[in-house]
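Trainee: For the protein sequence lines, the chains are A and B, in the order given. Residues in the first sequence are numbered from 1 upward in steps of one, following UniProt numbering. Residues in the second sequence are numbered from 1 upward in steps of one, following UniProt numbering.
All the pointers check out, no bait thrown in.
One side only, chain B facing chain A, incomplete, derived with CB under 7 Å:
1. 46
2. 53
3. 76
4. 79
5. 80
6. 86
7. 87
8. 88
9. 94
10. 95
11. 97
12. 98
13. 99
14. 276
15. 282
Derived lysine-lysine pairs resembling DSSO-like cross-links, with alpha carbons at most 27 Å apart:
16. A:56 to B:56
17. A:41 to A:56
18. B:41 to B:9
19. B:56 to A:9
Since the hints were derived computationally from the structure, they do not count as laboratory data. All C-beta atoms, glycine included, are put in the ideal place defined by N, C-alpha and C.
2 protein chains.
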Amino acid sequence: MASIHDVAKEAGVSVATVSKVINNYPDVSDKTRKKVSQTIKKLKYHPNVAARGLVKGRSWTVGVFVTTSFTNPFVTELLEGIKTALQNSGYDLLHLSTRFDDPTYSFVEHCLSRNVDGVVGFGIDRNDPHLEELLDSDIPTMLVDSDIQGRRAAYITTENKTGIMQAVAHLAELGHSRISFVSGELDNAVGQLRHEGYVEGMKSHKLSVNPAYVKISDYSMEGGAQAMTELLELEERPTAVVCTSDMMAIGAINVIHRSGLSVPEDISVIGFDNTYYSEIFSPALTTVNQNIRSIGSHAIETLIAMIENADFTPSVVTEPSNLVVRCTTAQLRDKSAL
Amino acid sequence: MASIHDVAKEAGVSVATVSKVINNYPDVSDKTRKKVSQTIKKLKYHPNVAARGLVKGRSWTVGVFVTTSFTNPFVTELLEGIKTALQNSGYDLLHLSTRFDDPTYSFVEHCLSRNVDGVVGFGIDRNDPHLEELLDSDIPTMLVDSDIQGRRAAYITTENKTGIMQAVAHLAELGHSRISFVSGELDNAVGQLRHEGYVEGMKSHKLSVNPAYVKISDYSMEGGAQAMTELLELEERPTAVVCTSDMMAIGAINVIHRSGLSVPEDISVIGFDNTYYSEIFSPALTTVNQNIRSIGSHAIETLIAMIENADFTPSVVTEPSNLVVRCTTAQLRDKSAL
DNA sequence: CTGAAAGCGCTTACAG
DNA sequence: CTGAAAGCGCTTACAG
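Just need the whole structure built from these sequences, with the hints factored in.
Mentor: Shown next as structure tokens:
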């Protein structure tokens with residue numbers, strides 16, 4: 001690779017001048033600028049980003065730490081949004097590899113030694129010590145779905161509460177009263193808000209919350225299957241289930257089908273996320289849509305704004321959610337049929 | 001961030017000595033080594049990778065260029081394999097963002113200015129000018145599914161031909177003779193080999209290839225749906241379809257169902273890839289399994305070997321494939337029923 | 001408008 | 001065993 005020196009020599013100017021034309025400084029004569037530009041083209045010169053970063057203290061890089069599987073559809077959609085926003089931004093996405101062989105491994109130190117300009121995080125437990133360290137580090141950070149803010153950190157999330165309320169309302173309008181809530185952990189903002197949405201939704205339709213109908217599991221298919229298995233063992237099983245992820249809903253539906261019951265005839269099921277799977281799955285899922293790609297894009301846009309303006313303190317952004325009715329919910333059947 | 005100078009001053013040694021202990025050089029006395037190590041811990045010092053890279057001419061970074069959507073299940077599984085192999089390797093994955101606003105954008109120049117140590121590529125058209133440039137650049141490159149080699153480039157793929165042959169054999173054994181082949185483009189190695197597998201598979205079962213049964217489309221659900229629509233319009237429609245991706249198979253099945261026919265009763269369908277979708281989809285897909293994650297991991301391992309040994313010329317690796325029989329294939333029905 | 005020089009945080013011969 | 005110095009490829013005051 002040609003270096004700035006090669007260009008300078010070839011063009012008969014100093015490296016300082018070359019640097020100025022690269023960076024579009026105004027104090028260069030048109031003639032020199034033209035000469036240098038031509039030489040750059042001729043030599044196929046491209047600035048070494050690491051060298052530039054070394055002096056500027058930057059890397060034009062955004063760090064991300066994918067702790068879950070890439071096959072997780074939420075992650076996948078989020079990355080797609082991130083990718084889109086990164087396009088033309090001048091930043092590249094650095095996917096930081098964990099080092100499990102090192103017990104002292106620190107995500108933040110990794111970011112620091114890589115000199116990333118910002119970090120986008122998701123799926124991080126709010127008690128994760130890495131998170132606290134990150135917040136302390138003053139590296140600009142955008143969190144997805146974690147209700148945590150810092151001097152240089154903000155977050156973005158979905159209207160979780162109203163999303164679930166819409167789901168409950170839909171079921172109530174279909175005549176259901178024995179509505180179950182199958183959720184991921186409740187010890188974080190997302191879990192809490194969705195649970196609140198469930199409780200309030202039930203209340204506003206004068207429906208009572210049966211504690212046996214609230215099942216906490218994890219967001220996977222297996223989690224949904226496990227919860228559903230337990231629900232089916234109940235004396236009086238629910239006629240409708242609100243799940244907090246599409247994968248959980250799919251897991252639940254599989255269990256229902258395997259038990260000889262059908263969806264939505266016997267039990268209505270609602271998912272959450274509106275990932276690609278929810279449409280492909282058959283029956284197509286009724287689900288709460290969240291604009292995951294927008295969340296990803298917005299997170300990056302905000303992060304870049306934070307990076308480029310040290311005084312910028314972003315406010316929390318909440319993307320709207322809405323219910324998408326497809327084929328897994330139906331009118332409650334005649335009670336005698338139960 | 002503390003720099004090497006801070007550590008040197010604090011420990012009362014020269015930066016050269018600090019560098020030596022960081023890099024585990026032997027010519028440092030135990031005493032100094034201990035002293036320096038302690039200071040490093042105390043100051044939470046971590047070497048700046050960009051600075052080190054500048055002098056070493058490396059970046060400990062592998063570049064990747066995701067041109068398709070992250071939601072593509074093949075890509076997703078591949079990245080998961082890549083991620084796994086990168087763990088503990090000391091390399092991070094740099095996801096290069098394209099710059100569509102710049103018509104002169106060059107992937108290779110992007111790699112060069114980022115100084116990536118190697119590139120893993122997939123889904124690249126063999127005629128893509130970027131690819132040629134990449135091969136010329138001498139940046140170590142591992143391609144997935146592109147049968148292209150270079151001084152510093154190799155590829156890894158699946159046993160495509162035998163995979164399809166197994167699929168055809170399975171259908172033939174079920175009594176099918178009107179077997180269709182729905183594929184992505186044939187102008188690349190993968191497409192060609194799969195097509196060969198189809199033709200040979202048919203021949204070895206004494207079945208004739210009906211040109212009207214060969215449909216070329218793209219690997220998406222829409223592609224499969226489009227091809228299937230055309231097949232259903234045929235006077236004598238096929239009784240079985242081999243698709244070259246799971247998504248195509250899903251698209252095809254949806255069309256079959258919508259037309260009032262059923263899978264596998266009326267038409268058997270086989271997919272390719274054995275992605276997560278194929279299990280979740282209902283009916284669960286009979287499909288040709290390829291070890292996508294292994295391919296991803298293997299690609300990285302080979303790439304790192306190439307990076308760290310300039311003389312290493314890897315041979316082509318072909319991962320085995322095998323048919324996974326699930327619910328979308330069945331015995332041919334009585335001919336009179338057609 | 002142009003360029004010499006210092007410096008970003010490292011590594012590496014080389015001298016001692 | 002230790003360290004001074006040059007250099008990796010850039011940018012940025014600063015002087016002219």
